[in-house]
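Okay, here's what each chain looks like letter by letter:
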Amino acid sequence: MDLPSPGDPQLARNHHQELILMEPLQQSVCRRSFLGQTAAGLGSLAFGSMLQAEQSSTQALLPTTAKAKRIIFLYMAGGPSHLESFDYKPVLAERNGQPMPDSFTKGQPIAQLQGKKLTCRGPYFKFNRHGQSGQQMSEVFQHIPKIADDICIIRSMYTEAINHDPAHTFMNSGTTISGRPAMGSWFLYGLGSETRNLPGFVVLTSTGGGQNQPISARQWHSGFLPGRFQGSPFHSTGDPVLYVKNPAGVSRQSQGNVIDASQALNQIRAGQVKDPAINTRLRQYELAFRMQTSVPDLMDVSTEPKHILDLYGTKGADGSFAGNCLLARRLAERGVRFIQLYHRGWDHHGGIENGMRATTKLVDQGSAALIQDLKQRGMLDDTLVVWAGEFGRTPMAQGSGRDHHIKAFSLWMAGGGIKGGLTYGETDDFGYNAAVDRVSVHDLHATMLHLTGLDHEKLTFRYRGRDFRLTDVKGRVIRKTLA
Amino acid sequence: MKMVQVIALLFACLPASQAREIKFNRDVRPILSNHCFACHGPDEKQRKAKLRLDRKEDLFGEREPTLLVAGKPEQSELYLRITHGDPEERMPPRKFPKPLTSPQVNTIKKWIEQGAKWEDHWAYTAPIRPPVPKAGKDLDPIDQFVLARLAPANLSPALATDPRTLVRRLHLDLIGLPPKPDVTEAFVTNPSTVAYTQLVDDLLASPHFGERLAVPWLDLVRYADSVGYQKDRLRDCWLYRDYLIRSFNENKPYDRFVIEQLAGDLLEGDPLEQRSWLIASGFNRMNQTTSEGGAQAKEYVAKYAADRVRNTAAIFLGSTMGCAECHDHKYDPFTMKDFYSFAAFFADVKERGVGYPEHTAMPTYADLDQWADLEDQLKGLREKTKDTVLQEEKDALNKRIAELKESITKISNSKKWPKTLVTLNAKPRTVRMLPRGNWLDETGPVMSPSVPAFLGKLNLGDRRATRLDLARWIASRDNPLTARVFVNRIWKQFFGKGLARDLDDLGSQGERPTHPKLLDWLAVEFMENGWDVKNLIRQIVLSEAYRRSSNHPSSIDLDPENRLLARQASFRLEAEFIRDNALAISGLLVPKIGGRSVKPYQPANYWFRLYNSGKYVQDKGDELYRRGLYTLWRRSFWHPSLQAFDAPAREECVAERPISNTPQQALVLLNDPTYVEAARIFAERIIGAHAKDLERLDLAFRLALARPPTKEEIGVLQNLLEKERAIYAENEKDAHAFLKTGEKPADANLNPVELAAWTSLARVILNLHETITRN
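For the protein sequence lines, the chains are A and B, in the order given. Heads up: the first sequence begins at 1 in the numbering used here, then just goes up one per residue. Heads up: the second sequence begins at 1 in the numbering used here, then just goes up one per residue.
Looking at chain A on its own, in the form it has when it is part of the complex (with noise of 0.2 Å):
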């Protein structure tokens, strides 16, 4: 026989794929066969959670050192400026307006200001202290100061690609290189779904402030995970799920009974061939059944009480960011495991003090009411939130606005497992170079996975010969963060 053998990765690989496809004792065999078989290669981790999705007891799977449970991103698209939010720099006010010193800029990769003169411009806003951390943040702030001792803000962020578009991708998959999986596909592959009515990996998207950049849906796709761990963007005019709403004329009666009619059909259909696929997809109708009931009250927000809404500072889901905090909370309380919300509104090119101004009017309570709702239920402790862009902003001029920069950002985590009221990692003086305890991008996935029990090292899949990471091949857990 020319089968491999069975210690080979790739049989595991064939198998752990498969998986998705068969029968509950069928896997049972392969599971046995499989953690029999590989010691190493194939994260089991990953394959635990496999079984898991398939199955309800989805607790008793998550790694035991899993601090955060879930991950809610807020993604700061466009490039908040570093220089006007977290990271104070007194030296660059006093060189305001002044050449900026050649030795930073040369033969440094350059965005909008390719070929112009490259001056030094101030921050725009005053700095001042917070909490008993006394963490340093723009006056620009009003809300987020409140949580200032439940948050670490990490200063010396840096990052690889300077165009909006590749730079997403870097952040989100670790590469600018199309086609490999989201973050989120990765944390929905190593830990499985906690919801049995709800998608894994949801994504929601508001606007404001500045340029709306576009966001592609490559920034939540599985790539070559399957199709199961992909994001599912919601939408706030329209179905907030994709066709997840009944045809006009058909009532959830009649819907029920077109279901129920073919689910029939394909049971007396599995009587008669062997084919494990029938029975997923028998599964795949009850959880789209119940998705038809589930999502329509996850964006009712009509029970919430006026406290609430205020702390938010909205009235419900209406496409905003504040109203999109709300609905990652209700979407974590439901057992979400990835939740991304994007901003689309920091690219401040030119007239960054009020676009600073309009951007954080639309973001900053919300951010900081989901901490605070989060602390007070209970929750913060085991879910991790991010609050990040995609790079930062020049600490040159680029007339009344700041080009892109990736050489140094800013970004703040809070919960699972983070130690808040720290400030980690410097800028040079500048706000130019990340200098001090710097951090990469692949270093915060580390990061992010280490709270979630996953080591990034062993969460590989193997794609075209190679074991793939969200890591790739570099990445270390930044442990002083840790609490």
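Since the hints were made in silico from the structure, they are not lab data. Since the structure is predicted, the reported quantities are computational estimates derived from the model, not experimental observations. Just so you know, not all the hints are guaranteed correct.
[Unchecked claim] Residues of chain A clear of chain B, computed beta-carbon distances all greater than 10 Å:
hint, residue
1, Asp102
2, Phe104
3, Lys117
4, Gly122
5, Phe127
6, His130
7, Gly131
8, Gln132
9, Gly335
10, Gln376
11, Gly421
12, Arg438
[Claimed, not checked] Only pairs whose alpha carbons sit at most 16 Å apart, straight line, appear in this in silico EDC-like list of lysine to aspartate or glutamate:
hint, chain 1, residue 1, chain 2, residue 2
13, A, Lys106, B, Asp441
14, B, Lys95, A, Glu457
15, A, Lys274, B, Asp557
16, B, Lys98, A, Asp260
17, B, Lys98, A, Glu304
18, B, Lys723, A, Asp260
19, A, Lys315, A, Glu304
20, B, Lys95, A, Asp455
21, B, Lys410, B, Glu375
22, A, Lys245, B, Glu442
23, A, Lys106, B, Glu442
[Stated by the list, open to error] In silico negatives: residues of chain A with every beta carbon more than 12 Å from chain B:
hint, residue
24, Ala93
25, Gln98
26, Asp239
27, Lys361
28, Arg377
Virtual Cβ for every residue (Gly too), placed ideally from N, Cα, C.
Got chain A; can you put chain B on it based on the hints?
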């Protein structure tokens, strides 16, 4: 019992089983590749101890201590190091995340004991026609090879499938559309080999054959109607899609097909044909491009170059050459130098680094055909004038000639032509090797075009190699990969999996073929038959292996992945064909071939995440009912119904789509207006054909599943009909609303309550697992 059998099978294939001969390629190379090559493989920079285990000359060369002593593992350093008592000395090192298992160590031991025989990597040496085994009587070569593997495994093949399943399978595989009931019934009445062969030939001659084959090719070349990056503006290259459909329908030899796409702009010949070749050369422009403000042209020129190397190698060579952009390949002998020399072949492709891609006006194929016809007529008439003496006749001829000339002027007016992406060749740019792939670093050497060194050499003297040279090298009989890669992918279309399972990696990390000899036989046969694609497919579908039942419980238990091909496969249709199937069943399908991409129903605001909310102007009329492959493909947000069924973004080469099974798929089939409208038209079709419920049900099943319903199924559906009649009789308003879904008006002569109830029934049928599955 079932479990016992499975475990028995697992034991039966343990590598340690005594009688088994250990083969280097099958058993040993995969272990070395996965566990050792990272530090002892092709990548020079990562290489430790100056030791290479991927080449014969290193593995068996002079070295102290000797790596391999045939027959004596205890004297072979390779074996001693992987079994060393001291964990610090033992290989792979402790910190390397892929330790060896004891069966793997044992395999290496046995291999040395048996003489440590080397084999070149199977895919890197030219295939030689293997002798056809004699496993059975009167069998085609394909079946001989398959049976030769089945017999020793004690697996008996499944029986031939029933004629209904077969006729449906053949239709879905060859044209991507279900059989018409009369075709099914004619075959059921006479399921002879002659009738089957005739059916095969009819379908191969169908103009829908080209559409079916184009779909996987469009995935490979990353065809899309938009540029990809950032704003993702729309672009036009649908003429290239027409080229593909036409080429498959004309049965263009595959070697020619390859050359026209890679270098059609460099071919010389008939001026009209040249236009078609130019359209084909649009292949080189399929990459993503950007026009984002602040993007640097130089960076993107480097990106496009890398994109072309990565994807061209994946498309034609099934190779993961993209890995060598920043370092030598870890597993296969591709070097960084190979990567950038390969990139240099494309240095003459005219393009903007940043900016909207330039388009070129080109005639459509309909125009080209007409133009050629006019030219022929003109030539004929000119000949005729020479022999004509009568003035009257001469005048008449001259008048006709003038008319023809005018028609030619009209049709050759490029201002009336649609625009498309083609390759225009320019002075080659300088291509440098980029250290670590860094485009800002200009210290690397200037590269001239050449093919990967370990795969051969172009002997051109001092002349700079061109894309045409590359194309000819790829499409040559000496290239060990090209035919194998293509034949393997075609096989997958007819069996659900390739003979080599990794359709896009025939390299060291790819899984070795389940039937290496069969793959080689098919590849050699294919080349010797003039790279004849239809002939290859004909051979496959005429085999007994192809015609077997997919429902074969004993082999499903013993060989769940069907590596031994005891049965046929059962798999869900691909996204486009799910749509096509529903439209065809209902009778809504507009079977027009080719042309501009179309915009079917799409959820409102689906593009809201793009600039200016990416306004989508839906088509009207016939264009709403075209086949899935014509749907406008916007890379940032490709059609959500296709996406739900695993259609890829078309940013990178995809050789095999995953087959997922998700709730979103159920929501699409239940609620997408495409399927609701198709259900209504389907209902009108069956109501219009018959008066009695049972007759209607019978027709519905024959249209959708090529079979009559069973009693049990009829019971379920009659029950549904009663319920739905009651619901809609009580709420006639709902019935009217329901029947308004879609742009085609409902048949006003039909009772709306009745039509609504039958539409519900039709929805059930369009949602069935069996309807979207090819068995």
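Results for each hint:
1. Asp102: holds (16 Å)
2. Phe104: It holds; Phe104 of chain A is separated from chain B by about 15 Å at its closest Cβ, greater than 10 Å.
3. Lys117: holds (16 Å)
4. Gly122: holds (23 Å)
5. Phe127: holds (28 Å)
6. His130: Given a closest Cβ separation of 34 Å, the condition holds.
7. Gly131: holds (35 Å)
8. Gln132: Check passes; 40 Å lies beyond 10 Å.
9. Gly335: holds (15 Å)
10. Gln376: holds (32 Å)
11. Gly421: Given that every Cβ of chain B is farther than 10 Å from that of Gly421 of chain A, nearest at about 35 Å, it holds.
12. Arg438: holds (18 Å)
13. A:Lys106 / B:Asp441: Between Lys106 of chain A and Asp441 of chain B the Cα gap is close to 13 Å, so the pair holds against 16 Å.
14. B:Lys95 / A:Glu457: holds (12 Å)
15. A:Lys274 / B:Asp557: Holds, at about 10 Å.
16. B:Lys98 / A:Asp260: Answer violated: Lys98 of chain B to Asp260 of chain A is near 48 Å, above 16 Å.
17. B:Lys98 / A:Glu304: Between Lys98 of chain B and Glu304 of chain A the Cα gap is close to 51 Å, so the pair fails against 16 Å, i.e. violated.
18. B:Lys723 / A:Asp260: Since the Cα atoms of Lys723 of chain B and Asp260 of chain A sit roughly 12 Å apart, the hinted pair holds (cutoff 16 Å).
19. A:Lys315 / A:Glu304: holds (10 Å)
20. B:Lys95 / A:Asp455: The hint holds at about 14 Å.
21. B:Lys410 / B:Glu375: holds (13 Å)
22. A:Lys245 / B:Glu442: violated (56 Å)
23. A:Lys106 / B:Glu442: holds (14 Å)
24. Ala93: holds (26 Å)
25. Gln98: holds (24 Å)
26. Asp239: For Asp239 of chain A, whose nearest Cβ neighbour in chain B is about 6 Å away, the distance does not exceed 12 Å, so it is violated.
27. Lys361: holds (22 Å)
28. Arg377: holds (28 Å)
In terms of the numbered hints stated before, the structure departs from hints 16, 17, 22 and 26, listed from lowest to highest.
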